[in-house]
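Student: Heads up: the protein sequence lines correspond to chains L and Y, in order.
Under my numbering, the first residue of the first sequence is numbered 22, with each subsequent residue one higher.
Under my numbering, the first residue of the second sequence is numbered 223, with each subsequent residue one higher.
Careful: at least some of the hints might be erroneous.
What the hints assert, rightly or not - What follows is a set of in silico ranges between Cβ atoms, one per label pair, in the way DEER data are often shown:
1) P607/Y - M322/L: 35 to 41 Å
2) N111/L - Q251/Y: 31 to 37 Å
3) Q207/L - V341/Y: 36 to 42 Å
4) A441/Y - G183/L: 55 to 61 Å
5) V316/L - D527/Y: 35 to 41 Å
6) A307/Y - G123/L: 49 to 55 Å
7) S157/L - D527/Y: 43 to 49 Å
8) R352/L - E408/Y: 49 to 55 Å
9) V524/Y - N111/L: 28 to 34 Å
Claimed, not checked - Some chain L residues judged to face chain Y by a derived CB distance under 7 Å, without partners named:
10) D57
11) F116
12) T153
13) N278
14) G286
15) Y288
16) F327
17) D349
18) Q353
Because the hints were derived from the structure by calculation, they are not lab data.
Just so it is clear, CB atoms sit at the ideal spot from N, CA and C, and this is done for glycine as well.
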Amino acid sequence: MPALKAESPRPVRLFWLQSGGCGGCSLSLLGAEAPDLVTVLEAANIDVLWHPSLSVSSGADVIGLMERICEGTESLDILCLEGSVMRGPNGTGLFHVMAGTGRAVMDWVEALAKKARYVIAVGSCAAYGGITAAGSNEVEACGLSYDGRKPGGLLGAEFRSGAGLPVINVAGCPIHPGWLTETLHQIAAGRFSQKDLDEWERPLSYTMHLVHHGCARNEFYEFKASAERLCDLGCMMENLGCKGTQARADCNMRSWNGAGSCLDGNYPCINCTAPSFEEPGHGFTETPKISGIPVGLPTDMPKAWFVALASLSKAATPMRLKENAVADRFRQPPVDKQKKNR
Amino acid sequence: MTRMIVGPFNRVEGDLEVKLEIDGGVVSQAQVNSPLYRGFERILSGKAPFDALVYAPRICGICSVSQSVAAARALADAMGLVMPANGERAVNLIHATENVADHLTHFYLFFMPDFAREVYASESWYEDALERFAAIKGTAARDMLPARAQFMHILGLLAGKWPHTLTVQPGGSTRSVTAGEVARLEAMLAAFRRFLERHLYGAPLERIAALSSAEELAAWAEEKPTENSDFRRFLHYSQALDLAALGPSTGHYMSYGAYEDAGTHLFNRGLYMSGKARPLDPRLIVEDLSHAWYAASGGPQVPFDGTTLPDTENKDAYSWCKAPRLGGDVVETGALARQLVHGHPLIRDLVARTGGNVQTRVVARVLEIALVVMAMERWAGDLVPEEPFIGHGKMPDGAEGIGLTEAARGALGHWLRVERGRIANYQIIAPTTWNFSPRDEKGVPGALEQALEGAPVRQGETEPVAVQHIVRSFDPCLVCTVH
């Protein structure tokens with residue numbers, strides 16, 4: 022694949038649209054750190070032609086720019102869509118008509134995507150439909166090339182952008198700023214290709230991992246010392262709906278807002294990088310069980326082994342973990358045998 | 223008379239379109255359209271009550287915690303659950319971090335870049351404004367973004383992440399805080415205070431909080447050169463452009479009360495009507511659907527019985543935003559309303575002289591940053607690591623609850639009815655639903671629509687700069703507005 026940077030030292034031109042979402046991925050992005058967002062974009066040689074929360078131009082300037090891109094008189098390297106594609110009511114797109122244009126945002130997105138060298142779905146809404154598609158999805162929300170888990174969406178499963186890639190799904194609700202800035206940097210440097218994507222076209226740079234990796238509760242998990250209430254320190258898989266052992270993301274390997282992750286906030290992973298996470302089929306903070314055994318076990322582990330190991334480790338759980346697991350703060354410190362009679 | 227359609231607006235949260243009628247160089251009529259409908263109230267219907275804590279924050283990425291707090295309060299009200307003192311303080315710290323960060327984002331990234339527009343190129347202060355506030359490229363964004371990101375480490379610590387946390391629960395916060403973490407919080411607040419005092423104010427927070435009249439504010443601004451701080455810069459531009467004459471308020475203001483603390487609020491709940499403080503009766507709140515794309519249902523609705531049935535055939539409609547009214551009145555909400563209701567002397571004095579307008583809305587927001595950060599320092603110091611941060615309870619099979627709180631941009635309410643253990647109705651009225659409402663059945667325009675009347679339009683302008691200032695002075699959040 023030709024490298025954008027090698028072809029021309031000109032800045033990589035990025036256009037950002039928002040539709041059926043909350044804007045939270047942009048807000049999360051503003052929290053980019055070490056370095057900050059402005060520096061990250063500079064480092065990647067990205068020129069933001071327009072971003073709804075950042076740019077100065079409004080109205081006719083923006084509409085003119087979009088028209089020139091659609092006509093082909095201005096080039097577009099990267100199109101980002103944040104928020105679901107709003108197809109309702111009845112396929113008209115009238116649930117989101119782009120201000121000042123009288124035209125459904127859905128139509129603008131489709132026209133711009135045809136001209137872009139790369140198309141990025143920012144967040145789970147733009148990728149798969151996300152939260153906006155929850156319930157009975159009366160608004161017909163979908164993603165750019167998925168409708169939930171079903172390939173298709175607005176652009177269709179066969180869609181390939183100018184650079185020959187499918188829509189890049191930087192899924193998450195919201196995204197971690199690093200997931201997007203690192204992807205943008207790789208694209209701008211001409212170092213991003215099909216092999217960097219997983220089976221849902223998410224960047225493998227963050228979906229190579231499970232949320233479980235690096236979780237501070239791993240010792241509780243090992244011994245199946247489970248939390249019972251939201252606030253307890255134990256593993257949240259057995260009772261509180263945690264999907265960290267199945268969810269694909271490096272949330273516990275890089276910090277959120279400098280210090281945390283959902284698990285560190287004492288609430289379960291709801292698998293927000295996955296298609297259709299918005300309808301888990303059970304309460305988000307409850308683990309569905311069949312005869313006392315959680316339904317959602319780690320996906321690549323034989324169930325019988327899991328049950329056997331779990332009962333074994335439960336029998337061996339140290340008292341310290343048993344007590345701490347059902348406490349809202351650490352009550353029992355680890356003990357150093359050299360000094361136990363202190 | 224000429225007609226003009228302005229939009230898309232950038233640097234507001236969400237999509238917005240404004241239709242103007244212009245007569246003799248001024249706006250004679252405005253129609254405000256919130257063009258995106260997502261249907262959260264419909265999504266929530268039929269869900270397990272506690273799942274509202276996952277869905278509601280995702281209404282909005284900038285008011286996410288405010289939505290969590292309103293949902294948690296509505297659930298707690300339905301359950302009869304009370305937060306322990308630590309829980310209130312932790313939730314206040316989480317909520318205040320979001321609100322202060324929102325004020326900062328609004329000031330630096332959304333509002334001030336308009337002064338770097340070419341239309342002001344002949345002003346004596348233009349070069350400085352351009353260097354400091356130009357969108358993305360200005361020096362202010364480079365100073366502010368790292369400070370904001372570091373300030374938000376408070377949310378990494380207390381809320382796991384931002385936006386969209388599940389830490390905020392009806393019974394308090396899931397995240398207990400240790401003594402060491404209290405120290406960390408205090409250090410983070412100290413670092414943020416340093417940024418504010420150096421860049422935003424050029425003065426100690428206490429000095430700003432103590433300003434009590436228009437004269438004192440003017441005298442304070444004069445003490446140092448304009449370039450000394452970003453607040454002084456704003457005051458200078460505002461005076462030069464007479465922003466106090468732009469975007470007049472209706473004179474009716476409402477606040478639900480912000481930051482609950484042992485039965486009271488840091489900023490009181492109430493009304494401020496034509497210069498007088500009055501109590502608020504939330505039972506007087508209704509939503510009028512006459513000019514919105516929803517199936518009409520026989521007059522204005524009280525939120526508990528509210529309906530949300532999209533109907534693009536409604537001939538009088540021009541927005542997805544419903545029109546909330548308080549006893550038939552249009553009220554304005556936001557930092558200005560909060561400080562008027564609470565009775566901050568500076569804000570009351572400014573409004574007594576010039577009314578609510580673009581300048582007073584911005585001054586109230588900037589003042590509030592100082593007030594809230596000082597309160598955060600107290601809450602952090604008052605956390606008691608040995609005591610509980612959360613209480614737990616059960617949701618009855620049938621119950622009703624109201625959750626009222628204040629987002630950065632104003633009054634946010636959730637009305638919840640549970641039947642047979644599921645959500646039977648969930649109605650949300652967001653701050654910008656109040657401020658950017660369309661006309662009601664009597665034809666009375668909403669707060670922004672009224673504020674735009676009389677706005678000057680310069681020769682040849684297609685995006686009138688006065689309109690831009692007025693719209694942004696409300697710090698609108700359109701994704702919340704319609705939800």
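Student: Going back to the hint list, which numbers does this structure go against?
Tutor: Of the numbered hints, 7, 8, 16 and 18 do not hold.
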